[in-house]
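Going down the list, the protein sequences come from chains A and B. Sequential numbering of the first sequence, starting at 1, is according to my numbering. Sequential numbering of the second sequence, starting at 1, is according to my numbering.
Hints may be right or wrong, so weigh each one.
Claimed, not checked - With beta-carbon atoms standing in for the labels, derived distance ranges: (1) 96(A) to 36(B): 45 to 51 Å; (2) 45(B) to 206(A): 30 to 36 Å; (3) 105(B) to 162(A): 37 to 43 Å; (4) 36(A) to 105(B): 30 to 36 Å; (5) 199(B) to 43(A): 46 to 52 Å; (6) 104(B) to 141(A): 37 to 43 Å; (7) 96(A) to 35(B): 50 to 56 Å; (8) 59(B) to 96(A): 38 to 44 Å; (9) 114(A) to 98(B): 20 to 26 Å.
If you are wondering where the hints come from, they were derived from the structure by calculation, not from laboratory data. Keep in mind that this is a model prediction, so the values were computed, not measured. Virtual Cβ for every residue (Gly too), placed ideally from N, Cα, C.
There are 2 protein chains.
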Amino acid sequence: MKIGILGSGRMGGALGRSWAAAGHEVMFAYARRPAKLSALAAETGGRAGTVAEAAEWADAVLLAVHWTRVDEVLDAAGALAGKVVLTCCVPLDEADSGLVIGPDDSGAEALARMRPKALVAACFNTNPSESFAPVFAARGQGPAPQTLVYGDARAAVDVASALARDAGFEPLEAGGLSTGRFAEPFAMVTAVLAYGTPGGPALTYRFEKLRA
Amino acid sequence: MKIGILGSGRMGGALGRSWAAAGHEVMFAYARRPAKLSALAAETGGRAGTVAEAAEWADAVLLAVHWTRVDEVLDAAGALAGKVVLTCCVPLDEADSGLVIGPDDSGAEALARMRPKALVAACFNTNPSESFAPVFAARGQGPAPQTLVYGDARAAVDVASALARDAGFEPLEAGGLSTGRFAEPFAMVTAVLAYGTPGGPALTYRFEKLRA
Numbered sequence: 001m002k003i004g005i006l007g008s009g010r011m012g013g014a015l016g017r018s019w020a021a022a023g024h025e026v027m028f029a030y031a032r033r034p035a036k037l038s039a040l041a042a043e044t045g046g047r048a049g050t051v052a053e054a055a056e057w058a059d060a061v062l063l064a065v066h067w068t069r070v071d072e073v074l075d076a077a078g079a080l081a082g083k084v085v086l087t088c089c090v091p092l093d094e095a096d097s098g099l100v101i102g103p104d105d106s107g108a109e110a111l112a113r114m115r116p117k118a119l120v121a122a123c124f125n126t127n128p129s130e131s132f133a134p135v136f137a138a139r140g141q142g143p144a145p146q147t148l149v150y151g152d153a154r155a156a157v158d159v160a161s162a163l164a165r166d167a168g169f170e171p172l173e174a175g176g177l178s179t180g181r182f183a184e185p186f187a188m189v190t191a192v193l194a195y196g197t198p199g200g201p202a203l204t205y206r207f208e209k210l211r212a
Numbered sequence: 001m002k003i004g005i006l007g008s009g010r011m012g013g014a015l016g017r018s019w020a021a022a023g024h025e026v027m028f029a030y031a032r033r034p035a036k037l038s039a040l041a042a043e044t045g046g047r048a049g050t051v052a053e054a055a056e057w058a059d060a061v062l063l064a065v066h067w068t069r070v071d072e073v074l075d076a077a078g079a080l081a082g083k084v085v086l087t088c089c090v091p092l093d094e095a096d097s098g099l100v101i102g103p104d105d106s107g108a109e110a111l112a113r114m115r116p117k118a119l120v121a122a123c124f125n126t127n128p129s130e131s132f133a134p135v136f137a138a139r140g141q142g143p144a145p146q147t148l149v150y151g152d153a154r155a156a157v158d159v160a161s162a163l164a165r166d167a168g169f170e171p172l173e174a175g176g177l178s179t180g181r182f183a184e185p186f187a188m189v190t191a192v193l194a195y196g197t198p199g200g201p202a203l204t205y206r207f208e209k210l211r212a
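Could you build the full structure based on these sequences and the hints that come with them?
Here is the structure:
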């Protein structure tokens with residue numbers, strides 16, 4: 001397949017390398033330093049080009065630019081009519097600190113506002129209830145499934161983490177209550193996967209870190 | 001620890017069972033059928049009570065009710081001052097179809113509006129770029145890390161899935177472009193974990209389904 005990389009930075013550069021090594025024809029376009037495009041082309045046996053050239057030539061394009069650059073890149077890419085466009089963009093603000101399209105509040109924060117003297121932590125909201133019994137039954141057998149734990153009160157996070165372990169989960173601390181803005185939508189992803197894909201609803205997850 | 005279960009449905013019932021079996025004292029409160037509370041108490045060697053009793057008695061309470069019931073349960077629970085409150089609530093609408101606090105648009109949908117004749121699919125936006133090279137290098141060794149793939153155009157989803165495999169990932173289909181409302185915030189969770197926790201940024205994830 002002919003793949004045009006619209007945005008040859010860390011995301012696009014790495015995926016273009018993988019796809020070239022897997023046997024695809026790859027054209028790299030749009031980098032802060034144009035020399036990077038020819039370097040990637042030389043390294044992978046691929047090509048370097050403009051956004052317009054890559055969009056015209058490719059069967060599929062990968063859009064891998066910062067959200068603040070999307071308009072500029074699409075202008076150069078043209079209509080892309082009938083083209084397959086793969087996007088790995090997240091609509092981040094310029095500081096990469098939040099979403100310009102997305103939530104600015106969460107149930108966790110709302111709950112803390114409703115009970116300001118309570119010590120609130122969130123946990124298990126990203127795990128289907130159907131997973132709890134099998135996870136508990138499988139304690140100690142292999143790596144434990146995880147549950148996100150987050151909160152502003154250290155004492156509450158510690159209790160949540162301890163009770164997560166007692167329920168057979170590995171707690172995964174993920175910041176303060178405002179993480180709910182992202183974790184509650186993540187819970188919707190787990191619901192889509194639990195209830196909308198084959199294999200039953202007892203969905204679990206594990207994040208792992210590889211050596212780079 | 002004395003744990004009050006505020007909402008003894010599927011979530012609270014299952015977690016209360018696990019915690020009782022792990023040696024905690026558990027009081028079950030708030031169920032559609034009051035008989036369920038006494039049944040859970042008998043099964044686990046725990047107690048049944050009202051929301052007010054559980055909130056008063058417990059060291060920590062688990063809030064595990066549908067979001068539409070939160071006001072009612074908090075009214076009964078009182079101020080909860082100084083109490084640890086663990087919430088597994090997601091602010092779902094009555095139909096469980098969306099979030100009442102959360103996003104109603106996504107970058108993926110915005111992009112498709114910008115290029116209505118293109119065939120758009122999203123992928124890799126929930127994977128840090130630092131993971132791509134080690135994932136590719138580890139192809140064929142053990143279960144592949146996953147990447148969410150979603151889109152409204154079948155052809156684009158198929159291309160995304162094939163290219164995900166070629167990059168060493170297992171594609172995990174998760175619905176249409178509106179999944180971006182949840183997956184883009186999920187990308188923020190992966191960023192918090194990749195860049196905000198020890199072990200380096202080459203974060204991967206796998207969802208697995210257990211037998212219930």
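Hint-by-hint comparison with the structure:
For residue 96(A) paired with residue 36(B), a C-beta distance near 47 Å keeps the hint of 45 to 51 Å intact. Look at residue 45(B) against residue 206(A): about 32 Å separates their beta carbons, and that is inside 30 to 36 Å. In this structure the hint that residue 105(B) and residue 162(A) lie 37 to 43 Å apart at CB holds, the actual value being about 38 Å. At about 33 Å, the beta-carbon gap between residue 36(A) and residue 105(B) stays in the expected band of 30 to 36 Å.
The supplied range of 46 to 52 Å is broken by residue 199(B) and residue 43(A), whose beta-carbon atoms lie about 28 Å from each other. Between residue 104(B) and residue 141(A) the CB atoms are about 41 Å apart, so this pair conforms to the stated range of 37 to 43 Å. The hint said 50 to 56 Å for the Cβ distance between residue 96(A) and residue 35(B), and at roughly 52 Å that hint holds. Checking the proposed 38 to 44 Å range against residue 59(B) and residue 96(A) shows it holds: the Cβ atoms sit about 39 Å from each other.
Checked against the hint of 20 to 26 Å, the pair residue 114(A) and residue 98(B) passes, with Cβ atoms roughly 21 Å apart.
In terms of the numbered hints stated before, the structure departs from hint 5 and from no other.
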